[in-house]
Amino acid sequence: RKEVEQDPGPFNVPEGATVAFNCTYSNSASQSFFWYRQDCRKEPKLLMSVYSSGNEDGRFTAQLNRASQYISLLIRDSKLSDSATYLCVVNGVTGGGNKLTFGTGTQLKVEL
Amino acid sequence: GAVVSQHPSWVICKSGTSVKIECRSLDFQATTMFWYRQFPKQSLMLMATSNEGSKATYEQGVEKDKFLINHASLTLSTLTVTSAHPEDSSFYICSARDRPDLVPQYFGPGTRLTVT
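As they're listed, the protein sequences go chains S and Z.
Residues 1 to 112 (this note's numbering) are what the first sequence spells out, left to right.
Residues 1 to 116 (this note's numbering) are what the second sequence spells out, left to right.
What the hints contain is simulated information worked out from the structure, not anything from laboratory work.
Keep in mind it's a predicted model, so treat the numbers as computed, not measured.
Be careful, since some hints might not be right.
Result set (DSBU-like, lysine-lysine): computed pairs, CA atoms no more than 30 Å apart in a straight line [claimed, not checked]: (1) Z/LYS55 / S/LYS2; (2) S/LYS2 / S/LYS42; (3) Z/LYS41 / S/LYS42; (4) Z/LYS41 / Z/LYS20; (5) Z/LYS66 / Z/LYS55; (6) Z/LYS14 / S/LYS2; (7) Z/LYS55 / S/LYS99; (8) Z/LYS64 / S/LYS109; (9) S/LYS42 / Z/LYS66; (10) S/LYS2 / Z/LYS41; (11) Z/LYS20 / Z/LYS64; (12) Z/LYS66 / S/LYS99; (13) S/LYS99 / Z/LYS64; (14) Z/LYS55 / S/LYS42; (15) Z/LYS66 / S/LYS79; (16) S/LYS45 / Z/LYS66; (17) S/LYS99 / S/LYS42; (18) Z/LYS14 / S/LYS99; (19) S/LYS42 / Z/LYS20; (20) S/LYS42 / Z/LYS14; (21) S/LYS45 / Z/LYS41; (22) S/LYS109 / Z/LYS41; (23) Z/LYS66 / Z/LYS20; (24) S/LYS42 / S/LYS79; (25) S/LYS45 / S/LYS109; (26) Z/LYS55 / Z/LYS20; (27) S/LYS109 / Z/LYS20; (28) S/LYS79 / S/LYS45; (29) S/LYS45 / Z/LYS20; (30) Z/LYS64 / S/LYS45; (31) Z/LYS64 / S/LYS79; (32) Z/LYS20 / S/LYS99.
Please work from the sequences and hints to get the whole structure.
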């Protein structure tokens with residue numbers, strides 16, 4: 001079982017749509033959680049952290065369910081510029097300190 | 001925000017040659033740098049963690065003699081792919097942080113290596 005699992009997509013949605021991505025992680029000791037965005041042939045960029053209480057940043061809402069080891073990202077009013085791959089990222093502590101584990105990403109294509 | 005640069009952005013080399021990739025933190029001192037590799041349609045996989053002034057810690061399955069990492073200063077880490085082969089062709093990304101407890105890390109723009 002992969003440490004972080006995501007549906008690879010692609011999700012093709014019309015502009016203005018609401019779309020949700022899910023992610024599950026296997027290590028119950030994981031400490032912090034993030035969504036990153038990665039554009040084609042570019043480095044990942046932090047979109048938002050994810051908290052158990054749920055958090056919102058503009059059109060983006062993230063949720064964490066520790067009991068189910070499940071993370072979600074909701075994008076409202078999709079824009080063409082939201083087209084990218086969204087990476088679910090989990091942070092755990094190893095002997096060497098914090099270590100990020102990446103999911104394979106979910107590809108989003110927003111269309112006119 | 002913090003900036004991490006990588007050089008070169010892309011490189012094409014012949015099989016059997018060695019390639020060096022540089023990762024620099026531009027406006028902060030990076031006590032720890034990370035090297036990742038990403039194959040097409042796959043996730044970023046951590047290759048190794050390097051701490052300034054000490055030996056790198058390699059992830060399981062990564063050959064330390066093939067992927068040489070040097071973190072000689074607080075702003076520079078290098079990854080040398082020795083005797084490169086076509087299967088080493090990948091997107092190599094570095095990241096850096098200035099505190100051991102700090103997440104998330106700052107990522108460089110990546111280096112695309114193609115070995116012919």
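> Within a Cα-Cα threshold of 30 Å, do Z/LYS41 and S/LYS42 meet the stated pairing?
Replying inline: Within the cut-off at roughly 13 Å; holds.
>> Hinted pair, alpha-carbon criterion (30 Å max): S/LYS109, Z/LYS41. Please report holds or violated.
In response: Holds, at roughly 15 Å.
> Does the structure keep Z/LYS64 and S/LYS109 at a Cα separation of 30 Å or less?
Replying inline: violated, 38 Å
> Hey, S/LYS45 versus Z/LYS66, does the alpha-carbon distance stay inside 30 Å?
Replying inline: Holds. S/LYS45 to Z/LYS66 sits at ~28 Å (cutoff 30 Å).
> Straight-line Cα separation of Z/LYS55 and S/LYS42 no greater than 30 Å?
Replying inline: holds, 28 Å
>> What's the verdict on S/LYS42 and Z/LYS66, does the C-alpha distance respect the 30 Å limit or exceed it?
In response: holds, 25 Å
> Within 30 Å, alpha carbon to alpha carbon, are Z/LYS64 and S/LYS79?
Replying inline: Distance ~43 Å between Z/LYS64 and S/LYS79 Cα, so the pair is violated.
>> So if I understand the rule, the pair passes when the alpha-carbon distance is 30 Å or less; does S/LYS79 with S/LYS45 pass?
In response: holds, 18 Å
>> Can you confirm whether the C-alpha distance between Z/LYS66 and S/LYS79 stays at or below 30 Å?
In response: violated, 43 Å
>> For Z/LYS64 and S/LYS45, compute the direct alpha-carbon distance and say whether it is at most 30 Å.
In response: holds, 28 Å
> Given the hint that Z/LYS14 pairs with S/LYS2, does the C-alpha gap stay at or below 30 Å?
Replying inline: Distance ~34 Å between Z/LYS14 and S/LYS2 Cα, so the pair is violated.
>> Against the 30 Å threshold, does the CA-CA distance of S/LYS42 and S/LYS79 hold or violate the hint?
In response: holds, 19 Å
Hint compliance for this structure: hints 6, 8, 15, 18, 27, 31 are broken, all remaining hints hold.
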